[in-house]
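Number of protein chains: 2
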Amino acid sequence: MNRDKQRGQLIVLSGPSGVGKSTVIAELFSQRKNIHFSVSYTTRAPRVGEQDGVNYNFVTREEFEGMIARDELLEYAEYVNNYYGTSMKVIEEKLEAGVDVLLDIEVQGAAKVRARCPDALFIFIIPPSFEELSRRLHGRHTDSEEVIAGRLAKAKEESTQIANYDYLVINDKVSNAVREIEAILTAAQCRVKNREMIYKGVFAL
Amino acid sequence: MNRDKQRGQLIVLSGPSGVGKSTVIAELFSQRKNIHFSVSYTTRAPRVGEQDGVNYNFVTREEFEGMIARDELLEYAEYVNNYYGTSMKVIEEKLEAGVDVLLDIEVQGAAKVRARCPDALFIFIIPPSFEELSRRLHGRHTDSEEVIAGRLAKAKEESTQIANYDYLVINDKVSNAVREIEAILTAAQCRVKNREMIYKGVFAL
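Protein chains in written order, with the working numbering: chain F, 67 to 271; chain V, 67 to 271.
Hints in this document: simulated from the structure, not taken from any laboratory.
A couple of the hints might just be wrong.
Claimed, not checked - Calculated cross-link-like contacts (lysine-lysine; reagent style PhoX-like; alpha-carbon spacing at most 20 Å):
| # | chain 1 | residue 1 | chain 2 | residue 2 |
| --- | --- | --- | --- | --- |
| 1 | V | K71 | F | K259 |
| 2 | V | K220 | F | K222 |
| 3 | V | K220 | F | K266 |
| 4 | V | K87 | V | K220 |
| 5 | F | K239 | V | K71 |
| 6 | V | K71 | F | K266 |
| 7 | F | K71 | V | K71 |
| 8 | F | K160 | F | K71 |
Looking at chain F on its own, in the form it has when it is part of the complex (with noise of 0.2 Å):
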């Protein structure tokens, strides 16, 4: 009986530009351990302060279509000529070695590893309100007023594709999404057909 040689989870983590994804990811790998963020692949130029492994993995143009030939991509799409994607190869190492991996990828992008991975685990997080998303996007004073409006109607646009995710997390407080994420990784480790391994062992089956 070991809990520790269950193989990992992949986890798709979506939500609408705003819902404060990034700091629920950053508190939740702060407080879990065995888990790995996976780091896109993309062609486009890194930004200043973007680092190459860190924000993205960023390659050539060539680079990327050698990794499309080799159908080495749970997923990825192209935007204003430039390449975004999914390397299967880091993830299944990780799951191998029983670490979960957490994606954060948009609706779209979900929809495709759904298609391969259908055992992942789909978490959609939302904000507490449609009033307090237009607050914390106008909070960040980033964006004219016109991008705000596009990021919400993307955002009530995506909202109707949440039926297919496994998992909805409230993020109201941080705190309280966190420990929603935490709960729902847990359990998933706690389903008979993850643990098959442990209970036929304890019994002899």
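With chain F held as given, fit chain V onto it using these hints.
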């Protein structure tokens, strides 16, 4: 947005005699609010020290058969000329009021509940090893070797039904088992289908 307005969840907890279920339940109830322990009904006579409404609801055979006739029982069985069963009425009231309800029943009763309430959470609790289960049964100093052998045989027999449960909790330490059950209950509250009203409210869907 109000987590407290969610309907309660029905939790079915099973596990072999000696696994430490009562201790785990007592600890869970001391830590968690909004959870109700469903007390079974029986026609057998109270034993010394047993209290009506605490250990069982003690009723007459006529009363019990009236509940059967009115289809008020979620599950029931007859052992050695006595009825044992679970009343649906109190459970439904509690769930409606947003209170979780825990049933401590064995494998056959759980199967009957599953047929009527497929959305309930089915949790099976196991010892860390079969040897440890045997040690715990011997440590109680209440049963003869023959009775203990019977309990161990029944544990092995019931373990073949674990695949019908949703979650497997390992009681190596009471605190671990309680932590896992707490996570399972919290995660279940986060299921998208249980929070449909919340996200539809936030996004005006």
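Going down the list of hints, with the structure as the test:
1. Distance check on the hinted pair: V/K71 and F/K259 sit about 31 Å apart at the alpha-carbon level, beyond 20 Å; violated.
2. A C-alpha spacing of about 54 Å is found between V/K220 and F/K222, which places the hinted pair above 20 Å, so the restraint is violated.
3. For the given pair, V/K220 sits about 15 Å from F/K266 by alpha-carbon distance, which is consistent with the 20 Å threshold.
4. Straight-line distance between C-alpha atoms of V/K87 and V/K220 comes to about 16 Å, which keeps the hinted pair within the 20 Å bound.
5. Between F/K239 and V/K71 the alpha-carbon distance is near 18 Å, which keeps this suggested pair within the 20 Å criterion.
6. For the given pair, V/K71 sits about 39 Å from F/K266 by alpha-carbon distance, which is inconsistent with the 20 Å threshold.
7. Proposed proximity of F/K71 and V/K71 is contradicted: the alpha carbons are some 38 Å apart, above 20 Å.
8. Restraint check for F/K160 and F/K71: satisfied, since their Cα atoms lie roughly 13 Å apart, inside the 20 Å limit.
Of the hints listed earlier, those the structure fails to meet are numbers 1, 2, 6 and 7, in rising order.
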